[in-house]
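Since chain A is already given, all that's left is putting chain B on it; use the hints.
One-letter residues, chain by chain:
Protein chains: 2
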Amino acid sequence: MSFDPSTLKYDANGLIPAIAQDAASGEVLMMAWMNAESLRRTLETGQVTYWSRSRQSFWAKGESSGHVQKLIELRVDCDRDCLLMQVDQIGPACHTNRRSCFYTAVRAGDEVEIMAPMAG
Amino acid sequence: MSFDPSTLKYDANGLIPAIAQDAASGEVLMMAWMNAESLRRTLETGQVTYWSRSRQSFWAKGESSGHVQKLIELRVDCDRDCLLMQVDQIGPACHTNRRSCFYTAVRAGDEVEIMAPMAG
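Residue numbers (the working numbering), protein chains in the order written: chain A, 15 to 134; chain B, 15 to 134.
Hints were generated in silico from the structure; no laboratory data involved. Each hint should be verified, as a subset may be incorrect.
Since the list gives no way to pick one copy over another, a pair counts as held whenever it fits inside one copy or between any two copies.
25 Å max Cα-Cα, derived DMTMM-like pairs, lysine to aspartate or glutamate [unchecked claim]:
id : residue 1 : residue 2
1  : Lys23     : Glu87
2  : Lys23     : Glu127
3  : Lys84     : Asp18
4  : Lys84     : Asp36
5  : Lys84     : Asp124
6  : Lys84     : Glu125
7  : Lys23     : Glu58
8  : Lys84     : Glu41
9  : Lys84     : Glu58
10 : Lys23     : Glu125
11 : Lys23     : Asp124
Isolated chain A, as found in the complex:
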């Protein structure tokens, strides 16, 4: 069946959550949001483009930083309301310069930083 981005379930703002996972290591790098057009751009270009809710604009990941996400494979969940992207991430995915945005763990009730920023 041919994939059509318009068949996904978007929220009231026309957005769908998209999880980026390192295709090689399996590490979950980040979660951000897409609308149908950002998903089309992602599929067309092969590089992940999100929708920035704070800036209300397209967010071609790595456009300014060079930390692009090359799309390896797109997956859709059973409810068609969440996306999982297998990606090839250049450098850090996080704006804090860490490989993943999920660098804070909760251990024994405390927040613990489990990942250092990448060397510049």
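Here is chain B on its own, set in the frame of chain A:
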């Protein structure tokens, strides 16, 4: 720093997306939603409890099916508006009886089922 669920950023409905990842294999199993109270219950019981948006009620994962998710580690992202949970998933995570909800891939423009329901 002591972790307090009330310090997370919830959306207008008081919810935060929570990604469940197999702690052993790294497979992303599902994404669902939590409110502060479901997160507290998850941390207290060690078993994942979501908030069901469709039923508007707590959803103790596996309560009826037995397919519980034991929380191994909770992680918080840089913006504090998304959770990543390392879990020990008993049986399938998906209501379709598949291990993961992300069993549909987009390959060469077509939707392809990449995972069969589990036996039993």
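List of violated hint numbers, smallest to largest: none
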